[in-house]
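Engineer: Line by line, the protein sequences are chains A and B. Its first residue numbered 727, the first sequence is counted upward by one per residue in the working numbering. Its first residue numbered 727, the second sequence is counted upward by one per residue in the working numbering.
Any given hint could be a false lead.
[To be verified] Derived lysine to aspartate or glutamate pairs resembling EDC-like cross-links, with alpha carbons at most 16 Å apart:
1) Lys1000/A - Glu1094/B
2) Lys1000/B - Asp954/A
3) Lys1026/B - Glu923/A
4) Lys875/B - Asp1057/B
5) Lys1019/A - Glu920/B
6) Lys1071/A - Glu1042/A
7) Lys1000/A - Asp954/B
8) Lys1019/B - Asp954/A
9) Lys1000/B - Glu960/A
10) Lys1026/A - Glu923/B
11) Lys1019/B - Glu1042/A
12) Lys1000/B - Glu920/A
13) Lys1000/B - Glu923/A
14) Lys1000/A - Glu982/B
[Unchecked claim] From the derived model, a few chain A residues whose C-beta atoms are all more than 10 Å from chain B:
15) Ile941
16) Gln989
17) Asp994
18) Lys1164
Simulated from the structure, these hints should not be mistaken for lab results. We treat Cβ as the ideally placed atom computed from N, Cα and C, and that holds for glycine.
Protein chains: 2
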Amino acid sequence: MKRILLFGAGLSASTLIKYILDNSEAESWHLDVVDQNLDVLQSKLGGHPNATAHSFNALESEQRRPYIALADLVISMLPPMYHVDVAKDCIALQKHLITPSYISTEMRALDSEAKEAGIIIMNEIGVDPGIDHMSAMRILDHIKAIGGKIESFKSYCGGLITPDSDTNPWHYKFTWNPRNVVLAGQGSAACYREMNELKYLPYHRLFQRLDHIEIEGYGQFEGYVNRDSLNYLETYQIQDIPTIFRGTLRRPPFCEAWDIFVQLGMTDDAYMMKNAESLTPRQFLNAFLPFQKGVSVEEKFLKLVDYRKDLYDSFEYLGLFNDRVTFGIPDASPAHMLQQLLEDKWKLAPGDKDMIVMYHEIIYRKGEIGYVISSAMVAEGQDDRYTAMSNTVGLPVGIAAKLILNNKIHEKGVTLPVRHEIYSPILAELEQFGITFKESEKQI
Amino acid sequence: MKRILLFGAGLSASTLIKYILDNSEAESWHLDVVDQNLDVLQSKLGGHPNATAHSFNALESEQRRPYIALADLVISMLPPMYHVDVAKDCIALQKHLITPSYISTEMRALDSEAKEAGIIIMNEIGVDPGIDHMSAMRILDHIKAIGGKIESFKSYCGGLITPDSDTNPWHYKFTWNPRNVVLAGQGSAACYREMNELKYLPYHRLFQRLDHIEIEGYGQFEGYVNRDSLNYLETYQIQDIPTIFRGTLRRPPFCEAWDIFVQLGMTDDAYMMKNAESLTPRQFLNAFLPFQKGVSVEEKFLKLVDYRKDLYDSFEYLGLFNDRVTFGIPDASPAHMLQQLLEDKWKLAPGDKDMIVMYHEIIYRKGEIGYVISSAMVAEGQDDRYTAMSNTVGLPVGIAAKLILNNKIHEKGVTLPVRHEIYSPILAELEQFGITFKESEKQI
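Only chain A is shown next, with the shape it has when bound in the complex (with noise of 0.2 Å):
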């Protein structure tokens, strides 16, 4: 019997926890699962007699040790920032590990130990980043075996909801961490190069230069640049391709309305409001427009967005006016309390289901003639426990351990899945458990 040990049971692990359970009689595997919460994960692992709950401290070195010795192989669902401690742990055990993370400038200088250990470090491979890198992958290697010269690579995921749960102007509700949503895109400026010009865009313009898309039966969607473009041309082997743009998929009008919060800066958290505590939200609004000598705050906020009408319905929506209750919450950023005002709005209602869409395009030309590559997925949440998110990421994970398990994999050290041998069996299990893409092409 293999022995599988997973680290952290949250959220996004209840379909790994299937699927290495649904597998487990099959491939002969023994999981055991640590989790400090262990009502929870012994209700996900649902008494099966190929698995063992744990309670101990996973972040303590000590603890787990003794548990990855007795491992054939490691999964780290913790945080992404404890993920470098698990692979030294890995490294001096010679234990294969698994995480969905970006490799971060720590994790990546483990290569080589990792290879002199003899073990793999597969990162990345959730979703956005993974069946991203996966699902690109497979159309470049194509490309590039026919013999076409890449010349434009666009790529755009976004995690949302059904359009049955879709029930308010926004067309968005919080299917992940709601603070990560409010302060999407700050930071350094985003980077992307488009027909060989480098482009940067500053947060306080990332939701004015979109691009649109639309995905049959699915409708329109909206794309905005995601941090640097060019992070992956290495990773991806398309270091001189003119055109490359990384983005963020959101339903129209989103990015527009949500635009109107960072232009007044409504989504700030570097300070703390004066008065945060005895606020109303259309206080909170008004401590962002200029004064203006009786002239009301909806009258100025009619003037800001240019007496449109759907803008500011999606901000009456959220309550934005109410002049009637107030924040309650001391030295909040102006962040926070947006936050407080979007938790209430956004919140997924019992059935509501969350939705993750992946869009490419790639353009390629082959002797004189040019070629257009689309393609799409979207993976729709089955219920609260086995949502789009913990599919598209524990299905990756959990065939990714079996391919390990298996031998099928011959890369070693820190790695993340864009060859050949990793991504193609994951893709081809995936479509098992409908997780598609609908690629076509057209001469252009």
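Given chain A, put chain B in place with the hints provided.
Structural biologist: Coordinates of chain B only, in the frame set by chain A:
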């Protein structure tokens, strides 16, 4: 003979040194000045019999302490971060200290120790901060004395150039640290109060919300809000004032043109541009403009500025459409690159003079009648040693030194010049040096 010990003989100390030496006979003073640059120092002292030049390291407590022990009063013109250490020595040795800089939190914490030592640590006594406090307090105290109710306090200051030196479309040249000019206003949102409404203005809107000011004989200025205008409510004892606004002055259309840099993200100092070294100014500008097939940088820029010829010309003046030279600086932020372009174009020419402009507008009510007091000061530099900056910083510091050494100030502890006993004689003596406020009052 009384000994004054001065740390730092940089640009803004020239007038201070002259003032002390000019008064040294009548007041029986000896001046000890410490500066690493002995040549510059000796040229400023001009072999005066009542002065001694020293070049020991004033940042080393052990080296400076013996000199502090011999002094009757210490003046620190060191970079602001060093004042607190000097203050600790002054407390230990029971010597008065003057600095022109903002009171830091650490400095404020020394208040009771300074009082126990029986010394005064006088700060914020140059220009913005300094003359602005004193001239404002004179008006505020006057209004309180006649029983007026203060309703609005607006105060502006700017370091500019004289009309004769004004030879470019920006009406601006560097008269102090260029880096600080490029980064001005970045960080926390600016804050002010208008008709009892607290207002926050994020950096990317700072140069869009402007007050327009006319100063007799000097024409038009515009003021943008300067950090947290509410910082001085308590110091000025005007906690309940409905309107308070502190601003920085520029000549129109500086703010409108500068706002283009801000909007495009070209003042960002938070990241390095990937290809800084090889970029031309035109490519640098284009990196922040959207890609448009077949449309030139000039056309895209003209569209951005709504075909405003004056704004286009101000950018052309800076060489931003130049495609023949490269920056040649590796690993540079956009702000750094912009600074390099500006330093070339906004350099003071021989004979150019700087100019400090200050303007207060205070509204008060007495009985049924409202009044507005306007108070303007314009100080022009004499030459490149006795600049307006050097005069307006050095003279109040020098006069304060005289008042302290003659026991005219009874306050102790960490303080700033907001009391009648200090501002009144200083403003009176400043008038002899031509630093005068032109005040007018009218009913509204």
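Engineer: Hint by hint, note whether the structure agrees.
Structural biologist: Quick rundown of the hints versus the structure:
no.	hint	in the structure
1	Lys1000/A - Glu1094/B	violated (33 Å)
2	Lys1000/B - Asp954/A	holds (11 Å)
3	Lys1026/B - Glu923/A	holds (14 Å)
4	Lys875/B - Asp1057/B	violated (55 Å)
5	Lys1019/A - Glu920/B	holds (10 Å)
6	Lys1071/A - Glu1042/A	holds (11 Å)
7	Lys1000/A - Asp954/B	holds (11 Å)
8	Lys1019/B - Asp954/A	violated (22 Å)
9	Lys1000/B - Glu960/A	holds (15 Å)
10	Lys1026/A - Glu923/B	holds (14 Å)
11	Lys1019/B - Glu1042/A	violated (39 Å)
12	Lys1000/B - Glu920/A	holds (15 Å)
13	Lys1000/B - Glu923/A	holds (12 Å)
14	Lys1000/A - Glu982/B	violated (29 Å)
15	Ile941	holds (24 Å)
16	Gln989	violated (7 Å)
17	Asp994	violated (6 Å)
18	Lys1164	holds (28 Å)
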